Each structure stands twice: as C-alpha cells, then as structure tokens.
Amino acid sequence: GAGVSQTPSNKVTEKGKYVELRCDPISGHTALYWYRQSLGQGPEFLIYFQGTGAADDSGLPNDRFFAVRPEGSVSTLKIQRTERGDSAVYLCASSPNRDRGDAFFGQGTRLTVV
Amino acid sequence: GNSVTQMEGPVTLSEEAFLTINCTYTATGYPSLFWYVQYPGEGLQLLLKATKADDKGSNKGFEATYRKETTSFHLEKGSVQVSDSAVYFCALSGYQAGTALIFGKGTTLSVSS
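In order, the protein sequences belong to chains A and B. Every letter in the first sequence is one number past the one before it in this note's numbering, and letter 13, counting from 1, is 13. Every letter in the second sequence is one number past the one before it in this note's numbering, and letter 89, counting from 1, is 89.
It cannot be assumed that every hint is accurate.
Calculated cross-link-like contacts (lysine to aspartate or glutamate; reagent style EDC-like; alpha-carbon spacing at most 20 Å) [stated by the list, open to error]:
#1 Lys-105(B) <-> Glu-44(A)
#2 Lys-60(B) <-> Glu-16(B)
#3 Lys-78(A) <-> Asp-63(A)
#4 Lys-52(B) <-> Glu-63(B)
#5 Lys-77(B) <-> Asp-54(B)
#6 Lys-78(A) <-> Asp-57(A)
#7 Lys-105(B) <-> Asp-84(B)
#8 Lys-56(B) <-> Glu-42(B)
#9 Lys-52(B) <-> Glu-69(B)
#10 Lys-60(B) <-> Glu-76(B)
#11 Lys-52(B) <-> Asp-102(A)
#12 Lys-56(B) <-> Asp-102(A)
#13 Lys-78(A) <-> Glu-44(A)
#14 Lys-105(B) <-> Asp-102(A)
#15 Lys-78(A) <-> Glu-14(A)
#16 Lys-11(A) <-> Glu-42(B)
#17 Lys-60(B) <-> Asp-102(A)
#18 Lys-17(A) <-> Asp-102(A)
#19 Lys-15(A) <-> Asp-63(A)
#20 Lys-105(B) <-> Asp-86(A)
#21 Lys-77(B) <-> Glu-8(B)
Hints were generated in silico from the structure; no laboratory data involved. Since this is a predicted model, take the numbers as computed values, not measurements.
Can you make the complete structure from the sequences, with help from the hints?
Below you can see the structure in the form of structure tokens.
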C-alpha cells in the first residue's frame, strides 16, 4: 500500500486479556516506531525498530508490553494482562533509514480496555 | 531530557486571521524540529521541518523558523482558512538518525467562516 497501515482500527477488550496490534509500514522503510497517544496528549514514544531489531525500547511502560518485527517489515505490538490505563490510540510510524524524524504515521488503533 | 512545550489551546480564529502557535524546546545537541498536523479523522502528517539553526520550514502557507537562541520553533500563517482546522503538534528528534520524535501536547485550531 501507499501508506502505513494499522489493524484493527478499533479494539475493545476486557481487562486482563491479551491483545495484538499490527502495523504494516511503507515498503522499503527500515525504521519503524510505535507511539501511544492518550486523550489530549501528544504521542509518546514506545519502541523503535531498525530492521528486525529493537534499537530502542526505552519507552515501553512495563514488561506487559512487547513488540516484534521478525522479517523487518510488519510489526506487532503485544500487550499482556491489559489494564484500563492501557486505553489509548496506538500509533505506528515508519521512516527511511537516514532521515531524522521524517515519519509517516498510520491512522492508529484505538484500544479500549473495559 | 529532551522536551517540547507548546501553547495550550484551543485557538479559535476567523477566516483570514493571522495564526501563531508557540513552541519551545529543551534538548541537548542539535535536534531537528517539526510541526505535525492531524486533521479530523486522519492520521498525523508532517507539515514542515527544520534541521538546523536559522532554517525556515514552510508548507501550505505555514512557516516556522528554528531559533536556537530562544529555543523556539513557532508556527505562523498569515491568513488561515476553515480547512486549516486541525490539531497541531510541535516535535523534535535527536541528532542521531532514527531517533524517535518527542511531541508537545498539541494545539487545537478551529477556524470559522
């Protein structure tokens, strides 16, 4: 596709359940980022991949959050034992390797934990 | 650590009014600075950027100048349109390639005809 694709667009889950959020970046973009945006706030960095490896996971809030990018393209953000405080819009972005911050964002997955 | 502070919204203007949204930053080294825009129902889009001091980024009639002496990157537009109604985010990234963006909280702009 032409842009960053995220699925699902909306996800409602019960507290304590496990969820997976998928990101399909722009073809050829080696850098991939996950952000979380709470209501009324700017996006907050979670994790950055360069190729298949997590180059910086310092933004992950705790060990319930994990992300993978096994083949260097599609990425999955995994959240275990979801809590109501995890409710937010999860954004994925990709960028060409050498650009500093020129990121193309997907439309996000709105996660609601009830 | 690095951070971005932008003016609180909402900002409400009439069509053709002049727009300024203030943004200041704290960073080590020489960050790149960005304005992103989120139109209703759409994803974040890069509006403009500047990568070094005194650079001016511009796009769609919007401008912002990277001022290292005042650590600012204020967004301006001479004559806003209803279609400019959106949420605007100031952001910075560190000097290394691939560094994640740090965003401000966003400023909602509402333009009426």
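Now the hints, each set against the structure:
For the hint linking Lys-105(B) to Glu-44(A), the alpha-carbon distance of about 10 Å falls within 20 Å, and the restraint holds. For the given pair, Lys-60(B) sits about 14 Å from Glu-16(B) by alpha-carbon distance, which is consistent with the 20 Å threshold. For the given pair, Lys-78(A) sits about 10 Å from Asp-63(A) by alpha-carbon distance, which is consistent with the 20 Å threshold. The hinted pair formed by Lys-52(B) and Glu-63(B) meets the criterion: a straight-line CA distance of about 15 Å does not exceed 20 Å.
In summary, the hint linking Lys-77(B) to Asp-54(B) is supported, as the alpha carbons are separated by about 18 Å, within the 20 Å threshold. Distance restraint check for Lys-78(A) and Asp-57(A): the Cα-Cα separation of roughly 13 Å lies within the 20 Å cut-off, and the hinted pair is therefore satisfied. For the given pair, Lys-105(B) sits about 18 Å from Asp-84(B) by alpha-carbon distance, which is consistent with the 20 Å threshold. Distance restraint check for Lys-56(B) and Glu-42(B): the Cα-Cα separation of roughly 26 Å exceeds the 20 Å cut-off, and the hinted pair is therefore not satisfied.
Between Lys-52(B) and Glu-69(B), the direct Cα distance comes to roughly 12 Å. Compliance with the 20 Å bound is thereby established for this hinted pair. Between Lys-60(B) and Glu-76(B), the direct Cα distance comes to roughly 11 Å. Compliance with the 20 Å bound is thereby established for this hinted pair. Under the criterion of a C-alpha separation no larger than 20 Å, the hint pairing Lys-52(B) with Asp-102(A) is consistent with the structure, at around 14 Å. With a C-alpha separation of about 16 Å, the suggested pairing of Lys-56(B) with Asp-102(A) holds against the 20 Å cut-off.
Restraint check for Lys-78(A) and Glu-44(A): satisfied, since their Cα atoms lie roughly 17 Å apart, inside the 20 Å limit. A threshold of 20 Å between alpha carbons decides the hint, and for Lys-105(B) with Asp-102(A) the separation of about 19 Å falls inside it, so the pair holds. For a cut-off of 20 Å, the pair hint linking Lys-78(A) to Glu-14(A) stands: about 15 Å separates their Cα positions. Between Lys-11(A) and Glu-42(B), the direct Cα distance comes to roughly 18 Å. Compliance with the 20 Å bound is thereby established for this hinted pair.
A C-alpha spacing of about 17 Å is found between Lys-60(B) and Asp-102(A), which places the hinted pair at or below 20 Å, so the restraint holds. In summary, the hint linking Lys-17(A) to Asp-102(A) is not supported, as the alpha carbons are separated by about 34 Å, beyond the 20 Å threshold. With a C-alpha separation of about 16 Å, the suggested pair Lys-15(A) and Asp-63(A) falls inside the 20 Å cut-off, and the hint holds. Restraint check for Lys-105(B) and Asp-86(A): satisfied, since their Cα atoms lie roughly 18 Å apart, inside the 20 Å limit.
Straight-line distance between C-alpha atoms of Lys-77(B) and Glu-8(B) comes to about 18 Å, which keeps the hinted pair within the 20 Å bound.
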